[in-house]
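Those protein sequences? They're chains A and B, same order as listed.
Its first residue numbered 1, the first sequence is counted upward by one per residue in UniProt numbering.
Its first residue numbered 1, the second sequence is counted upward by one per residue in UniProt numbering.
No lab work stands behind these hints: they were computed from the structure.
Don't be surprised by glycine CBs; every beta carbon is placed ideally from N, CA and C.
Just so you know, not all the hints are guaranteed correct.
[Stated by the list, open to error] Taking lysine-lysine pairs in the DSS-like style, the calculated list, with each CA pair at most 30 Å apart, reads: (1) B:Lys27 / A:Lys101; (2) A:Lys165 / B:Lys27; (3) A:Lys165 / B:Lys40; (4) A:Lys165 / B:Lys287; (5) B:Lys249 / A:Lys15; (6) B:Lys338 / A:Lys27.
[Unchecked claim] Here are the in silico distance ranges between beta carbons for each label pair: (7) A:Arg105 / B:Pro363: 33 to 39 Å; (8) A:Arg481 / B:Asp20: 54 to 60 Å; (9) A:Gln370 / B:Gln114: 19 to 25 Å.
2 protein chains.
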Amino acid sequence: MATVVLRENGKMREKSLTMDTLNPQVKAVEYAVRGPIVTKAGDIERGLQQGQKHPFTEVIKANIGDSHAMGQKPITFLRQVVALCSFPELLDSSSFPEDAKQRARRILQGCGGQSLGSYSASQGVDCIRQDIAVYIEQRDKGVPADWDNIYLTTGASDGIVSILKMLVSGQGRSRSGVMIPIPQYPLYSAAISEMEAVQINYYLDEDNCWALDINELHRAYQAAKEHCHPRVICIINPGNPTGQVQSKKCIEEVLHFAYEENLFVMSDEVYQDNVYSPDCQFHSFKKVLYEMGPEYFNTVELASFHSTSKGYSGECGFRGGYMEVLNLDLEVKAQLVKLLSVRLCPPVSGQAAMDVIVNPPLPHEPSYLQFHKEKRAVLGALAEKAQMTEQILNTVPGIKCNPVQGAMYAFPRIFIPPRAVEEAMSLGISPDMMYCLRLLEETGICLVPGSGFGQREGTYHFRMTILPTTEKLKVLLEKLRDFHIKFLKEYASLEEPKR
Amino acid sequence: MATVVLRENGKMREKSLTMDTLNPQVKAVEYAVRGPIVTKAGDIERGLQQGQKHPFTEVIKANIGDSHAMGQKPITFLRQVVALCSFPELLDSSSFPEDAKQRARRILQGCGGQSLGSYSASQGVDCIRQDIAVYIEQRDKGVPADWDNIYLTTGASDGIVSILKMLVSGQGRSRSGVMIPIPQYPLYSAAISEMEAVQINYYLDEDNCWALDINELHRAYQAAKEHCHPRVICIINPGNPTGQVQSKKCIEEVLHFAYEENLFVMSDEVYQDNVYSPDCQFHSFKKVLYEMGPEYFNTVELASFHSTSKGYSGECGFRGGYMEVLNLDLEVKAQLVKLLSVRLCPPVSGQAAMDVIVNPPLPHEPSYLQFHKEKRAVLGALAEKAQMTEQILNTVPGIKCNPVQGAMYAFPRIFIPPRAVEEAMSLGISPDMMYCLRLLEETGICLVPGSGFGQREGTYHFRMTILPTTEKLKVLLEKLRDFHIKFLKEYASLEEPKR
Numbered sequence: 001m002a003t004v005v006l007r008e009n010g011k012m013r014e015k016s017l018t019m020d021t022l023n024p025q026v027k028a029v030e031y032a033v034r035g036p037i038v039t040k041a042g043d044i045e046r047g048l049q050q051g052q053k054h055p056f057t058e059v060i061k062a063n064i065g066d067s068h069a070m071g072q073k074p075i076t077f078l079r080q081v082v083a084l085c086s087f088p089e090l091l092d093s094s095s096f097p098e099d100a101k102q103r104a105r106r107i108l109q110g111c112g113g114q115s116l117g118s119y120s121a122s123q124g125v126d127c128i129r130q131d132i133a134v135y136i137e138q139r140d141k142g143v144p145a146d147w148d149n150i151y152l153t154t155g156a157s158d159g160i161v162s163i164l165k166m167l168v169s170g171q172g173r174s175r176s177g178v179m180i181p182i183p184q185y186p187l188y189s190a191a192i193s194e195m196e197a198v199q200i201n202y203y204l205d206e207d208n209c210w211a212l213d214i215n216e217l218h219r220a221y222q223a224a225k226e227h228c229h230p231r232v233i234c235i236i237n238p239g240n241p242t243g244q245v246q247s248k249k250c251i252e253e254v255l256h257f258a259y260e261e262n263l264f265v266m267s268d269e270v271y272q273d274n275v276y277s278p279d280c281q282f283h284s285f286k287k288v289l290y291e292m293g294p295e296y297f298n299t300v301e302l303a304s305f306h307s308t309s310k311g312y313s314g315e316c317g318f319r320g321g322y323m324e325v326l327n328l329d330l331e332v333k334a335q336l337v338k339l340l341s342v343r344l345c346p347p348v349s350g351q352a353a354m355d356v357i358v359n360p361p362l363p364h365e366p367s368y369l370q371f372h373k374e375k376r377a378v379l380g381a382l383a384e385k386a387q388m389t390e391q392i393l394n395t396v397p398g399i400k401c402n403p404v405q406g407a408m409y410a411f412p413r414i415f416i417p418p419r420a421v422e423e424a425m426s427l428g429i430s431p432d433m434m435y436c437l438r439l440l441e442e443t444g445i446c447l448v449p450g451s452g453f454g455q456r457e458g459t460y461h462f463r464m465t466i467l468p469t470t471e472k473l474k475v476l477l478e479k480l481r482d483f484h485i486k487f488l489k490e491y492a493s494l495e496e497p498k499r
Numbered sequence: 001m002a003t004v005v006l007r008e009n010g011k012m013r014e015k016s017l018t019m020d021t022l023n024p025q026v027k028a029v030e031y032a033v034r035g036p037i038v039t040k041a042g043d044i045e046r047g048l049q050q051g052q053k054h055p056f057t058e059v060i061k062a063n064i065g066d067s068h069a070m071g072q073k074p075i076t077f078l079r080q081v082v083a084l085c086s087f088p089e090l091l092d093s094s095s096f097p098e099d100a101k102q103r104a105r106r107i108l109q110g111c112g113g114q115s116l117g118s119y120s121a122s123q124g125v126d127c128i129r130q131d132i133a134v135y136i137e138q139r140d141k142g143v144p145a146d147w148d149n150i151y152l153t154t155g156a157s158d159g160i161v162s163i164l165k166m167l168v169s170g171q172g173r174s175r176s177g178v179m180i181p182i183p184q185y186p187l188y189s190a191a192i193s194e195m196e197a198v199q200i201n202y203y204l205d206e207d208n209c210w211a212l213d214i215n216e217l218h219r220a221y222q223a224a225k226e227h228c229h230p231r232v233i234c235i236i237n238p239g240n241p242t243g244q245v246q247s248k249k250c251i252e253e254v255l256h257f258a259y260e261e262n263l264f265v266m267s268d269e270v271y272q273d274n275v276y277s278p279d280c281q282f283h284s285f286k287k288v289l290y291e292m293g294p295e296y297f298n299t300v301e302l303a304s305f306h307s308t309s310k311g312y313s314g315e316c317g318f319r320g321g322y323m324e325v326l327n328l329d330l331e332v333k334a335q336l337v338k339l340l341s342v343r344l345c346p347p348v349s350g351q352a353a354m355d356v357i358v359n360p361p362l363p364h365e366p367s368y369l370q371f372h373k374e375k376r377a378v379l380g381a382l383a384e385k386a387q388m389t390e391q392i393l394n395t396v397p398g399i400k401c402n403p404v405q406g407a408m409y410a411f412p413r414i415f416i417p418p419r420a421v422e423e424a425m426s427l428g429i430s431p432d433m434m435y436c437l438r439l440l441e442e443t444g445i446c447l448v449p450g451s452g453f454g455q456r457e458g459t460y461h462f463r464m465t466i467l468p469t470t471e472k473l474k475v476l477l478e479k480l481r482d483f484h485i486k487f488l489k490e491y492a493s494l495e496e497p498k499r
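Looking at chain A on its own, in the form it has when it is part of the complex:
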């Protein structure tokens, strides 16, 4: 392609955009969930299709929370509503239930020209925002929700990036600092890099089921104050990649801390429907804030995020989501709406999908039984797979996995023998990256190295989803066990793992 030619001015044409002239903030972005391992898995998959030989016949992708790609079926009611909205002629068809038609008619009435093809308001379709407010009030046992505080988003990621963008300012020691858990979901670190904000790591307590320890928050905050201006704390609950579900007491401590230190709170609650441990319960940050009393509820700035992509629906492709933002300064709010208006609106079909999730069939409606049967089946299977994953992983010498209390991932700690660590270092890659690459090449299993999420120095992990079907997940775990034992043997490390 790169023909070298002389121009009129006698010089060669250079490229305008090279690695040297690329925006350095773009260069700094890392996103392991779709990183080099996943690219390699795609290459291998295409190779298999073309008849290349590998020691396996199939690539199993457990790198990303993509439920439908792993075989989960869509919720019928949700898809009926979206199809009716997309092609309203179907409203006359007798093969669609009345409750789905009623939802679709209501959504269409909220759309310009009654069409999904119109732009919605920048904050989203009014009646969908109203439905979301009603849903939040019910979820939070009566804590008031104002639909003026609701913003539809393009998946949760878009909302998270928009709020972070508002909060980043200053230079040098007054640069905004963003507190994020380690391990974290790499959207956070990627957005922080891109915006040149300061990443403030607070470490979750692996020895205590990845709990958030308030003393660690204080430590991280005090240390960061020396070189930046901490402005915001991000929490992921249930945790990604760590799968823990936060206790009410822990949430109170975080909110009290944010209150005392004037921090903006961003609460990523996209896994709120994915809680499996019978001892655990999802508590929304908003409800806990309310219960702490008006001096908290009326002051702490809190943005919480939800999505169509996770939960029991798993509708990633629709890019639906919303955020609720409390106690935002009124002028700032106008600025947020202005910022969102530049991208015009979130996809309206994703907004429609979000509406079904917050406004499911009621007990007297025709779709109620089937909807709940489908929902229970998805969540029941996930609970079963969460438990199986933890159990099997913990039978492997040199692997230690915390309970998968919620979300869709296990994030086990793996022992990597010192000689393997040395080898990885000499190759210039992280030891868990080398581990995952070899796992992929030898077994076809695609996981994400822990280094892509962050981990305490000298510890190694991987993230795997629990989304393959039960049978496939069992195969995956057994292959993983055999690989790990072989890997340990190969590096002739007979010493016991350190924990």
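Mind docking chain B on chain A? Use the hints.
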């Protein structure tokens, strides 16, 4: 809301996010298409519904290119395919034509788990990218298109912002400069503000049907070189808000200029199907580049953008779009894919809608006749309204409108009497903003002031869409004429407009 309370440390809780601590780049963003006039129009509309009295009974929104909201009907075939993809049970229904089913089956086969609910690859669904490449080859009479260069996007805006993000770097005099037309679509200026790049204005020639004058490009470039590093030139063809269609000669000149000056070319071609003047024809930048010979075609970096939102489909709400990027450095390309991967994927239903636009029914297929009848009806009505708008506006003393050769807007120049200009200045608003506000208050017509798009100093304009139905558009234009005459009289200005 803002209860003031004392915290443990004895200090009041301050807000973390105020106008003082807000990201100054966010503050700098302006987006007039959804600016204060539109907010006010929404307030008036709600007031009317609640029985408030106004000198009109209806707000007519001609501020935004939102076809369906103005009554345009969706293309049946497109919606059939999207509905089939959304609810594949319909593939068994005899009420859908076979060609729509065939398209839907093909798209679903390209989706993980054959579901629209799976994430696609970051660049989009493979088979849709292949269809787009075939479409581009046909459009450009055989100029080769490689689907590896195609990226699905969330509307065109998302692609434009992504490419700009790659190109912004440097500080002070080496800061990236972005050449944009004036008047421009304010997404460009908003993105440039947000990224703190340097905006380089080149003025379109209003006296010459808003043509792009190559001498003006040279002038703008040379002047900008003194204080920044010009990296990229943006062109909108057909023009938004100016409606001109660029000649092949003009495009050649721009490409030659970009070639000589090492500029990256961004060609916004979302109105490529919206050409009305019989004397005009759409020429893609890519085709012209190809015809200039391999020394151009194999070197100039060119990103061109398309969308589901405009053309004859007008599907804004689906947020579908694509970009084709030529001659990108291979390492930079990997960086682009990485950057896009953080937002996971564009909405898959929008990708499906895009597929229908590039892969419409063929002559032997059952939906062919209806599809083309619908397409012709939309484009025919737009052509008629484009002509009518120009004609009626040019009958008004003090209004001068260039031919609406393409796109969906008129951008007439309006004479504002000196005393009205003085009054606006004393109110601290731009004269055309005052004009549009009064127009809205007195007639219910919602337009966007020219100052939101940029214009030569001392000239005033507004942008209006040609999207209302023919009858409503006629009413709008007549009301506008009466308002303008009254406005001129009121300011007792009998002098002739200056041009």
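Taking the hints in turn, this is what the structure says about them:
Note on B:Lys27 and A:Lys101: the hinted pairing is violated, with a Cα-Cα distance of about 42 Å set against a maximum of 30 Å. A hinted pair counts as satisfied when its Cα atoms are at most 30 Å apart, and A:Lys165 with B:Lys27 qualifies at roughly 11 Å. With a C-alpha separation of about 27 Å, the suggested pair A:Lys165 and B:Lys40 falls inside the 30 Å cut-off, and the hint holds. With a C-alpha separation of about 38 Å, the suggested pair A:Lys165 and B:Lys287 falls outside the 30 Å cut-off, and the hint is violated.
Proximity of B:Lys249 to A:Lys15 is assessed by CA-CA distance (about 24 Å); at most 30 Å being required, the pair is judged to hold. This hinted pair checks out: B:Lys338 and A:Lys27 have alpha carbons roughly 9 Å apart, not beyond 30 Å. Look at A:Arg105 against B:Pro363: about 37 Å separates their beta carbons, and that is inside 33 to 39 Å. Taking the beta carbon of each, A:Arg481 and B:Asp20 are about 56 Å apart, inside 54 to 60 Å as hinted.
Judged by the Cβ atoms, the range 19 to 25 Å given for A:Gln370 and B:Gln114 holds: they are separated by roughly 21 Å.
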